[in-house]
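A.B. asks: As a plain string of letters, each chain reads:
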Amino acid sequence: MAIRQMLICGAAAAALLLSAPAMAEEEYEFAPLPPGEGAEETFYNCSACHSLQTLTNGAYSRRVWDEIIDWMIEDQGMWELDPEEREIILNYLATHLGEDHSGS
Amino acid sequence: MPKQDKGLIELYNDDPERADYLVFGRKTGLDRRGFLRGAGLASMGAVLGTAIPFSANMPSGLIPAALAESVDDFRIESKHADMIVHNDRPVNVEAAAHLLDDDITPADKHFIRNNGTMPEPMSKADWRLKIDGEVEDELELSYDQLKNEFETVTLRLQLECGGNGRAGFNPLPRGNPWTIGAIGCAEWTGVRLRDVLRRAGLKQSAVYTGHYSYDEHLSGDPDRPAISRGGPIDKMMDPHTIIALQMNGEDIPIEHGFPARIVAPGWAGSVSQKWVTRIWLRDKEHDGPGMTGLSYRMPRHPVDPGAEVPHEDMMVMTSMVVKSAITNPVAGTEVQAGRPFEVRGQAWAGDDHVTAMEVSIDYGATWQPAELEAPHNRFAWQRWRANITPPQVGYYEVWARATDNLGRSQPMVVPGWNPRGYLNNACHRIHFTAV
Chain H
1 MAIRQMLICG AAAAALLLSA PAMAEEEYEF APLPPGEGAE ETFYNCSACH SLQTLTNGAY
61 SRRVWDEIID WMIEDQGMWE LDPEEREIIL NYLATHLGED HSGS
Chain D
1 MPKQDKGLIE LYNDDPERAD YLVFGRKTGL DRRGFLRGAG LASMGAVLGT AIPFSANMPS
61 GLIPAALAES VDDFRIESKH ADMIVHNDRP VNVEAAAHLL DDDITPADKH FIRNNGTMPE
121 PMSKADWRLK IDGEVEDELE LSYDQLKNEF ETVTLRLQLE CGGNGRAGFN PLPRGNPWTI
181 GAIGCAEWTG VRLRDVLRRA GLKQSAVYTG HYSYDEHLSG DPDRPAISRG GPIDKMMDPH
241 TIIALQMNGE DIPIEHGFPA RIVAPGWAGS VSQKWVTRIW LRDKEHDGPG MTGLSYRMPR
301 HPVDPGAEVP HEDMMVMTSM VVKSAITNPV AGTEVQAGRP FEVRGQAWAG DDHVTAMEVS
361 IDYGATWQPA ELEAPHNRFA WQRWRANITP PQVGYYEVWA RATDNLGRSQ PMVVPGWNPR
421 GYLNNACHRI HFTAV
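Each protein sequence line maps, in turn, to chains H and D.
Reading the first sequence from the start, the letters are residues 1 to 104 in the working numbering.
Reading the second sequence from the start, the letters are residues 1 to 435 in the working numbering.
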């Protein structure tokens, strides 16, 4: 535990010293997701368990994204989404990571 | 240095966004643009350059292809920087084709396909393997028992992800967009699974295995296996299906399954459970996560690209198919026009073996035979090489095509689309320029 904390502190110190210029350039707050309506809901519901590269690697139809959400909830331990939020996320995925998305 | 192996993986497992920020100076997620900015890169290099030992624990060169391509002198100490990262939670990494040039794939060039978390290594002393289900005597074996009480074998065994080549399918199926490098042929040392199953005594009713391991599901739910696949008893009794205790003469690295894993060569890698702790003998096809629905299954009959295939029309994949990779030269090489140069690679064919190898530099109009070596042992991949002479200056492509012992060749274009994008064995091709 102590070792871990030392490591984290060490990393934090190094990163903080060196990352100041990077922070000056504002990045999209839900990166790597492409900007768009629903990015925030998608970000918080998906990144709790897995990286968002799992999403941006994809380029799927609305039907496939819909199946993936079902699979996440039925088989992968994801929480139930209320219908309104699910629709927002599905719309976001189908619009911004649809079949014509070129991959990450 | 004191114990320094609680680095990046733990940091990422604990809180990935925080780890991203701490390690790479990225605010959230995996923004590659952020990665490529000078400051983010400098901070990563500098963090690695300090006493913080991320390199010691970082699985096999976790550098996105974009970064590896754009920064020639950037390397993580002792790891290969040309590995292509598809995901870091779960960790999914493949080799660029030129990294597969070794006859025995080193651990740092072997693909990683995780479904769950990267576990903290369990000690050999604590680890046990349970054999239960349709057996006469349930077993619980320690690492030392496995090592000392069964005959040890050392074999070069090819392991390929079922979805290797998925990126070539259109529409793109769900899953990691593997290109050609989710394949490796390491030298594995361990005990034959059949010897262990015989000690337990298989009942007549034992027809399938189900494998379990100590890694965790990404949701953190302890009752949910990250993946639990298995294989029919014939495959599991094959003398080349082993419980591996070593990879390339050393303890298996954590990302490849420390302290023990199954290696069932020639079948989708997911049969070869990493971090294995239990083999459950079943009286029917196993139905753990990864066995049912569309996972690791192929349509029983050809389907239209993008088709919605009913689950009852899908069947579990068996052997992988004939395939080859061009591992030298690196794509984009410049050579002398009119002078011969060597093109070489590896070829493999799931449960079968390769009997012929050909190459073409005129887009398949003509083919020349390549020299093909016999496998070191059954289930090892096979080295091939050919001398090629580009007749004049210009842009060329080398195409490579393998044929197996049953006369089946690699297709030039992508084979039958399937819902999850398995078994793409289209010819590998690379470009070069003659000057």
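These are calculated hints, taken from the structure and not from any lab test.
Wrong hints could be hidden among the right ones.
[Stated by the list, open to error] Interface residues of chain H toward chain D, partial, derived using beta-carbon atoms under 8 Å: (1) Y44; (2) N45; (3) C49; (4) S51; (5) Q53; (6) T54; (7) V64; (8) I68; (9) T95; (10) E99; (11) S102.
[Stated by the list, open to error] In silico negatives: residues of chain H with every beta carbon more than 12 Å from chain D: (12) E37; (13) S47; (14) A59; (15) M72; (16) G77; (17) R86; (18) E87; (19) I88.
[Stated by the list, open to error] Quick list of simulated restraints, FRET-style, between CB atoms: (20) H:R62 <-> D:A331: 32 to 40 Å; (21) D:A374 <-> H:G36: 30 to 38 Å; (22) H:E87 <-> D:E120: 36 to 44 Å; (23) H:P83 <-> D:E149: 30 to 38 Å.
Glycine included, each C-beta is placed from N, C-alpha and C at the ideal position.
A.B. asks: Against each hint, give a clear statement of whether it holds in the structure.
C.D. replies: Evaluated hints:
1. Taking 8 Å as the C-beta cut-off, the interface hint given for H:Y44 is violated, the closest approach to chain D being about 11 Å.
2. Look at H:N45: its Cβ only gets to about 12 Å from chain D, farther than 8 Å, so that hint breaks.
3. Look at H:C49: its Cβ gets to within about 4 Å of chain D, closer than 8 Å, so that hint holds up.
4. Nearest Cβ of chain D to the Cβ of H:S51: about 4 Å, under the 8 Å cut. The hint holds.
5. A distance limit of 8 Å between C-beta atoms decides the matter here; for H:Q53 the minimum to chain D is near 5 Å, and the interface restraint holds.
6. Given hint, H:T54 at the interface with chain D, holds; its Cβ is 6 Å from that chain's nearest Cβ, closer than 8 Å.
7. Interface restraint check: H:V64 against chain D, minimum CB-CB distance 6 Å, threshold 8 Å, status holds.
8. The beta carbon of H:I68 comes within 6 Å of a beta carbon in chain D, closer than 8 Å, and the hint placing it at the interface holds.
9. Annotation: H:T95 was flagged as interfacial toward chain D, and the flag is violated, the nearest CB pair being 16 Å apart, outside 8 Å.
10. Against a cut-off of 8 Å between C-beta atoms, the interface hint on H:E99 holds, since the closest Cβ of chain D lies about 6 Å away.
11. Taking 8 Å as the C-beta contact cut-off toward chain D, the hint placing H:S102 at the interface is violated, the least distance being around 10 Å.
12. A cut-off of 12 Å between C-beta atoms confirms that H:E37 is not in contact with chain D; the least separation is 18 Å.
13. For H:S47, the requirement that its beta carbon stay farther than 12 Å from each beta carbon of chain D is not met, with the minimum near 7 Å.
14. Annotated as non-interface, H:A59 brings its C-beta within 12 Å of a C-beta of chain D; the closest such distance is 5 Å.
15. For H:M72, the non-interface assignment is contradicted: its Cβ lies about 9 Å from the closest Cβ of chain D, within the 12 Å cut-off.
16. Distance check on H:G77: its Cβ comes as close as 3 Å (rounded) to a Cβ of chain D, failing to clear the 12 Å threshold; non-interface status is violated.
17. With a least CB separation of 18 Å from chain D, H:R86 remains clear of the 12 Å interface cut-off, as annotated.
18. Distance check for H:E87 against chain D: the nearest CB is about 21 Å away, which clears 12 Å, and the non-interface claim stands.
19. The claim that H:I88 lies off the interface holds: its Cβ sits roughly 19 Å from the closest Cβ of chain D, which is beyond the 12 Å cut-off.
20. For H:R62 and D:A331, the hinted distance range of 32 to 40 Å is satisfied, since their beta carbons lie about 35 Å from each other.
21. Distance hint check for D:A374 and H:G36: the Cβ-Cβ separation is about 55 Å, which falls outside the suggested range of 30 to 38 Å.
22. For the pair H:E87 and D:E120, the supplied restraint of 36 to 44 Å holds, since their beta-carbon distance comes to about 39 Å.
23. Between H:P83 and D:E149 the beta carbons are some 58 Å apart, a value that contradicts the proposed interval 30 to 38 Å.
The structure is inconsistent with the numbered hints 1, 2, 9, 11, 13, 14, 15, 16, 21 and 23, although it conforms to all the rest.
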